[in-house]
Every structure is written in C-alpha cells, then in structure tokens.
Amino acid sequence: MSLTRHDVEKIAHLARLSITEQEMPVYVSSLSSIVNFVDELSRAETGAVQPMAHPLEGQHQRLRHDEVTESDHHDKYQAIAPAVAAGLYVVPRVID
Amino acid sequence: MSNWEVVIGLEIHAQLATKSKIFSGSPTAYGAPPNTQADLVDLGFPGVLPVLNQRAVQMAVKFGLAIDATVARRSVFARKNYFYPDLPKGYQISQYELPIVARGSLKVMLDDGAVKTIGITRAHLEEDAGKSLHEGLANVTGIDLNRAGTPLLEIVSEPDMRSAKEAVAYMKKIHTLVRYLEICDGNMQEGSFRCDANVSVRPKGQEKFGTRAEIKNLNSFRFVEKAIQYEVARQVELIESGGKVVQETRLYDSDKDETRSMRSKEEANDYRYFPDPDLLPVEIDEPFIAAVRATLPELPDQKAARFAKDFALSAYDAGVLSASRELGAYFEAVITGIGASHAKLAANWVMGELSSALNRDNVDIENSKVDPAQLTGLLRRIVDETISGKIAKEVFEAMWSEGKPADAIIEAKGLRQITDAGAIEGVIDSVIAANPKQLADYRSGKDKLFGFFVGQVMKATGGKANPAQLNELLKTKLGGGGDA
Amino acid sequence: MLHNLFIGELAERLTKRQISSVELTRHFLSRIERLNPGLNAFITLTPEQALRDAAAADARLATGETGPLLGIPLIHKDIFCTDGVKTSCGSRMLDNFVAPYDATVVARLKGAGTVMLGKSNMDEFAMGSSNETSYYGPVKNPWDTTKVPGGSSGGSAAATAARLAPFATGTDTGGSIRQPAALTGVTGLKPTYGRVSRFGMIAFASSLDQAGVFTRSAGDAAAVLQVMAGFDARDSTCVDAPVPDYSKALGAPLKGLKIGLLREFFEGLEPRNAALIEDALTIYTGLGAETREVSLPHLPLSVPTYYVVAPAECSSNLSRFDGVRFGYRCKDPKDLMDLYERSRGEGFGAEVKRRIMTGTYVLSAGYFDAYYLKAQKARRMITDDFRAAFEKVDLVIGPTTPTPAFDIGAKINDPVLMYLNDIYTIGANLAGLPGVSIPCGFVDGLPMGLQLVGPHFAEAKLLNAAHQYQQATDWHRHAPRGYE
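Residue numbers (our numbering), protein chains in the order written: chain A, 1 to 96; chain S, 97 to 580; chain C, 581 to 1064.
Take the hints with a grain of salt, since some may be wrong.
What the hints assert, rightly or not - These stretches of chain C come out as covered by chain S in the derived footprint (C-beta under 8 Å, 3 or more residues):
#, segment
1, 669-682
2, 810-820
Stated by the list, open to error - Computed from the model, here is a short list of chain A residues facing chain C with C-beta under 7 Å:
#, residue
3, Arg16
4, Leu31
5, Phe37
These aren't lab readings, by the way, just hints derived from the structure by calculation.
C-beta: ideal position from N, C-alpha, C; glycine also.
Turn these sequences into a full structure, and let the hints steer you where they fit.
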C-alpha cells in the first residue's frame, strides 16, 4: 500500500512537522515501505479477539487521595523556557 | 420561523471542586499568579505521568447517580490529540468510548410550568486546558497553565431541546444540581461552569437533523439564550436564501450579539483517539458506588416536591425555593420560625423582597444582610398585625441597610399599625368631610373612588392604618354606592 | 584491574576500605577520558558532581554503613531525567534541556549511594537499533569500532563492554537493552513491564517502555535490579508487588528447570548462530535443565505489530515537544503554525519523524481499525501464545539477534531492514515479559547473545538461570581488545 505525496503532506501537517522539498520524496518512499511492511497485519486472522492496550492483565487504575502535594516552582521550571514574559509562556499571536 | 424546528444539544463543562488536579497534586484554587499552580505533570514535561484523583471519580459517580444514569463499572481514559498552546502535552486526557457515566435524564421545568425530560447521553471525566491571554500583548499570546489539569465533568445532553429557553432551563437545572451535589461551585465568571451549544434547524416534521454548528464557551445563561437565538436566525436566513449550514465551531461575541466562525478551528480535526497507555482502566465496584450514594443530599426535585406537599406551595414556587440548597435551607429556617401555616407568606417574602435585595446588591444568600431569624421576626409582626404588609416592606429595607431587627425599627420609626377603631374612624370622618365631591360621586355609583378614600386615609395615617379594619369601617361610613 | 571487578567485589573492597569511592571514580573517569573519544558513548560527562557524590559515599562508608551499590559508579542512559544535568534523549530537540527533576530510577540509585559518571549516548528518543540516529553521532562498538553497538541504548552497552563503568542503565521498548547487550558481549536485563517505575524516563512507547540495566554478570544485574525495582505512586502502570531477594535466588540449582526452545526463533537461524545456541543448550542440560520445543504461532506478527503500536504511542508522546515550554525552538517563528512545524521539523531527526508520521497515520480516521486496532488484537494473540507456552515451560530460550554487530552505515537508510533486527526481542515487550541477554560466544570475532524470556515477574528465575550459565562458562568475562 503506497502513500502519495498528498498523504504524507496531510500526515506531516497533522503532526506539525515541516518537511522540505528535498526530504519529501525520501519520506514518501520510506513511509510507503513501512506501511507496506505493517500491512502484513491486515492479512492476519484476528477475528473476535479483544484488543490489548496494556500488557498486564487484571490491573486497574489506582486512585490517588485528593490532596495538594505540589508547590510553586515556576522560577525553576521557566528558567529553561524559550520565551517567558510576566510569568506567561509566550507564543506568536493565536487568532481565534 | 414557524416552519422551522430548532434542535439544540448542550455540552456542559463543569469544573469539579477537588482540592488538587485530576492527574497531579497541584492546587486548583482560582486566581493565582500565572503558572504558579502548574507542576511538571501539568506542564507536560518529558518523563512525567498522570495519576487519577479519587475525588474526581467520586464526584462523577455522584452526578451519575443523581441523574439516574448507568455508572460504568469499567471506564477508560483516551487521548484526544491536537496542537494548541494551552494544551501542553499536545493531547487532552479525556474519555471516549467508555465514559464513566452513561445514559441518564433530568426533568426540567419550563417557564410555563410544563415539565420536560431532557436526556443526557453521557458524562465523562477529562482535564481542562490552560488559558491563552491576548490583552496588552502585541503580536504574541501569553499562556497560563494554572488551569491545565483541573478536573472537568463533561455533560452531554441529547439533542432534546427545541428552543433557546428550553436550553437555558436545562442549563440552569444542571447548574443547580451540580451545586446541590457540591461537585462544582458553578461560578461562571471564574469559568467553573461553561457551555457549548450545538444548534441546528430542520423543517417542521422532518426527521433528519439539519447540519449543526457548535457555539463554544458560553459562560452565562443570558449569553446562551442570546447566542442560540442569533444562531437560529442566522441558520434560517442562510437556508432560506439558498445557502447551506456548514458544520463548524463558532464563538459568540456578546458585544455585537452575534456568532462568528472560529478561524483556528476551521479545519475539521482528526483527534486520533486511542486509550491512554499511561492510565489503566478505572474499575468501580458496588461498595464504591454505595459509599457515594450515601453522600447524596436531598436532590432539587425531591426538595421541591416536599415543599409543594408539606407547605402547600405551587410547583413553580417550590421550584424557585429549591433552586439552591442555601435558599431552600433559608426558607426552611423561616418556616421553622413562623410555622408551616404561614408557608405562603414566608415563600412570598423569600422569593420577593429578600431575593430582590440579594440581586440588587449582588449578594449570595449565605451573605444575606437579613438572616432567617430576623426575617421570621418581621413576618411575626405581619401575622400579629403589628404592621401591615406594605409597612413591612419599609421595615425590611431598613433592616437590610441598618442590620437591626424588625422590632427595633418598628419602634424607632413609630411604624406600629393603628388598630384602634375609634382612631381610624376619626381619620375617615376627616377625610370624608374634606372630600364632599368624591363622596357624592362614590355614592352615585363610581366604585373606583373607594380606592381614593383608602389612599387618603393611609396618607393621613402615614400608612399605618390597619388595612382590613380601614376597609370595614370605610365601607360602613361611605355607605351607599355600588357594591359596598 | 578495578574495572574488571564485578559489583559485589567492588562493594567488598569499598566496605573494607581497601579502596575509596573517590579512587574508584577517578579510575573510571580517567578511563573515560582516554577511551571514550574512540567510542562516543557519552553525551554528557559529570566528573565534578561524580567526585562530590563519591566523597559523600565515602563519608557514609566511613560511618560503617554498607550497601550493595554504595560508592559504585554508574552511567545513566540520557533518557532518564537527572535534576540539574542535561537530559537530551539523543536529540537536538532536547540539546538545551536541563532536567528540573530526577527520574525515580535515578533517585533510587542515588539513594543507594551510586556515583553518576555521566549520561550515555542513545538513538534519538530511543528509536533505533544501532545508535546511529543520535544527534550526537553514532556510538562505536568497542569490539570493532567500524561496527554498531546496537540500540537504542548503544552508549550504555558500549560503555559497559569497554569497562568505563561497572554498570549502566538502559531502557528497552523493542529490544533496546537486550539487543545492544548481545552485540557488545554484556549482560542486559529488561524487567517485567511495571516492575520498575517509568516516572522521569522520557516516554517513547508507554505500554512497551521499561527501564533496565547493563552489567557484566547476572549477579551484578540482580544487585542493581534490587534497588531499581518496586512500586512508585507516581507511575500508574507500576505494579505494587513485593520485590523478591534477587541475589539470594541466584544460586538455586537448575535441576528440573524446563526451558522452551521457540520453534519460531530457530527457523531460519544462521548456522553459526544456531551452533552457539546448541552449545548453550548443552550447558543447560548439563546443569539439570530439561528442554522441549514450544511454539508461539503468532510470533511472526510481532514486528509489524510493534511497528504499529510503538509509533502510534510515540506520535502522541512526542507532541509535547513544540517549542513552547522547553527544548528547541526554531528561530523567528512567523506564526504559531510555523513555531510548531519548524521547531519540530528541525528539532527531530529523520527516524523520529518517520515514526511520528507512521503513528499519526495508523491512528488517523479511516485507518485506526485496520492498523491500530488490529495490532492491539495481534498483541493479545502473541501474549496468549506466551502464556500458553509458560504453562509448559519455565523459561524460553533463543538467540537475541539474527546476526552479530553490523557495519555502521549498513542499514541506516533502510528502515524496514533495520526494524528486522528486533525480531527476537520484540515479542517480550508486546507481552510485557522480562528478558535477559547474556554473552554466549563469538561469530567472526564479534560477540553473540543468548536470550532468556520468562513469565511476568520471573526475574529471579531468569537471573538464576543466567547466573548458573555464567558460572559454567566464561563468555561474560571476555573484554574487547584495548579495553581489558
């Protein structure tokens, strides 16, 4: 199952990845070969089997007590941020 | 418009009133300086993992029980993948195929007193995103992630509402319910309770739904009503002029009173939902549900029914008085003081003067300047005829602004009713003597002038004449005329 | 020579004060200075902190305190967050990232008194089987520096083989500990999924990732696992199960141990590889074990299954890398879309982008059922096959890799060819099973590994079987020339 350039552009956009013109054919070809490879799965008989999201069976989510355990460390965390102003993370203007 | 039927579904996001966030131990308190309540988990730092808050689960289950819904014994968290700066991980942890609360319903009283059952498709747990701030920042947007990770209960209604008013009535009922259950403070200004409206129209009689538009983030009952009204008109006009409604997300501009398309969400998003591998399925057993059920308070409908029955109130009055637990408690405290035989009086005063004062001063009932004991004191003076109902209103205003009990004000202002028949007769005589023409007109058939005489006597007595006695004596003294 | 001693031997000398931790640390630091340039096994060296930590360990030893890892130097794979120390995950995206916290694994090993020499090189975001995708350049195999050491934990493997530290941590998602261990002639342990906390371990594929260790013996692995293993409240997928005494279990005789030969592993096995496994089987039967054939009929689906599930999970896990709160941000983003696309396009390498896109594709609308859902079903079938096999045998045995180390550059341009390196290791990750690779001989002068896989939480038995083999053979004592 081959992917087209259009397919790859769509996927790259969904994933917010810029792909240059030179890179595009390489990605189209390598992604096509990967998808081809995993297509083997489509031939497998899986019938009524339940999908498995977690490797350990019989486990369920542990619940945490509702209590505040964290305090303010924004100075430390924001020290490594690319752009911060007045305690806010700064990004190019978002237009709704 | 009469050929069209409106179809509305609401998605309500209620922030759950937990102390800490749904997947981290950060505080949820509102109003902190930016990013001071966002820990590594909330910020989506590399390597962090979510752990589920027990109280959020309990609150969701509580809601499910209150709407007679099926509570899922097994529910799953799923990732909703999309990019937005207020969504740090690039995905929101939500629930998709297996929500914690499945189908339920709610009875809603409409303006005309009719009761409609609105279906609730599901309610699920998810995390809130942060906030984007644009004011005062040129060409950039500032992101505050304090809100990121706050637990939300997303309540999805069936598309059962057929008018903006129905939608508002449903939204108010949910608002009342979540506050009753103490799972959400319902503070719309702070964003604890938000609503998205899905609106479509179809020709009357058509079964198939029309294309719907989603109006996001409506944070007041008034805006919900106006936004829906605008949107319905927009869609009808669009279709009638040959256009097609586009499935899209829109925002309501309250300044212009119109909805407009959201540019950033123009493209349909493929959220690529899949079960979150960092969280295991949530399993709820009978003891858990029973423990939550034991914490259910008397629900609004139950309280309203009890008020209507025990206090012979109309369904409407009972509904108003049970709109919040605090109001209901206030009312019941007054009843305890004044007695159930005066329930209607108490109801009128709580729904009338008290509520007006609260609204006027923008004060919650918990902070009322007249408490139940004080109001009871005032009502007693009406019941024992120390003052008339009309004078009582004056006394109430003074109680509200001065904080003094009724008796003190009645004394200080000399507002006691005049009940001495002789005194009243004396005033009536003076008034009659001073108004011979009106007397003659009344006696020749102009019944309406009775009110004139009542007014004159009241004026002369500073409003203090006992109205019932005044009526009796005046009828006797005026004699003749109409229906005296 | 100090660097050829095992952890237990070093611990004894430290306890007896025959050497100090500072001396030991200096010994390894000078080896690293001399030998690492030829291997490129490190991304960050932390000599000053190491000497401070060593001095602190010596102070603890001086009080008479003992501990199996007290004062022992180690290396952490650069996927574990280390507070105050650069944590790059082998990527330009995190080249400027100084972690603000310690991963649980790091904190536990620190608490036990270990001394961190530095952070090891790795395939970018743990995606690779050759350590050639690292932003910091490929790691060289000390046995032949024209060959790859395997991946993704290539740096940790190479450094352990070159005796640059007594042990190094790693992570294994599809074989990233076991495969490089085999190619570099060391012992590599991947515990059961959920045995060791993932908190602070930068996520690649959340339902497959597991932290483990590289050592030169099973005995050493037991000592390290003892400290790493155990419940962590901050990781919802971490299991709350008792941690046995792994060292105590090492010496148990193997009489009656049932070892399964996986038919699917032996089909098409290269003759010299097969011969080494045959020799190993002879050793095991000589030690009293019984061998029998078992079949995992769905095992051939494991590589395509993995290459749907792992990319799907990673495509979501890596969405948090967006240039907003940490990590690489492109220069002069012209708008939000540009910020995202170029920060991610420039910050991530080709293999990472390939896997993100593969994952995005298999989760996307229209493809979810055919790929992701199907893969999760295949995963269950593979897991069930293993479960059935473990009803008949205690452990399963086979080669770790199809071939010895290949040339740097030989497979990097063919992703699918590269993926097939994981053919023997991936099944254990899909089923969450523990596995260990131990050296079992040489082909063309290059080491080969033998893999043992056990049921969930069977690490004690695995290490016991590995240890007894190492008592009867000396493959694990061989050092690459120039590194003895």
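Each hint, compared with the structure:
1. A stretch counts as covered by a chain when three or more of its residues have a beta carbon under 8 Å from one of that chain; for the segment 669-682 of chain C and chain S the count is 6, and the coverage holds.
2. Coverage of a stretch by a chain is defined here by at least three residues with a beta carbon nearer than 8 Å to that chain's beta carbons; for the segment 810-820 of chain C and chain S the count is 5, and the condition holds.
3. A cut of 7 Å between beta carbons decides the hint on Arg16 of chain A: the least distance to chain C is about 4 Å, and the hint holds.
4. Taken as an interface hint, Leu31 of chain A checks out: its beta carbon lies about 6 Å from the nearest beta carbon of chain C, inside 7 Å.
5. The beta carbon of Phe37 of chain A comes within 5 Å of a beta carbon in chain C, closer than 7 Å, and the hint placing it at the interface holds.
When the structure is compared with the earlier hints, no violation turns up for any of them.
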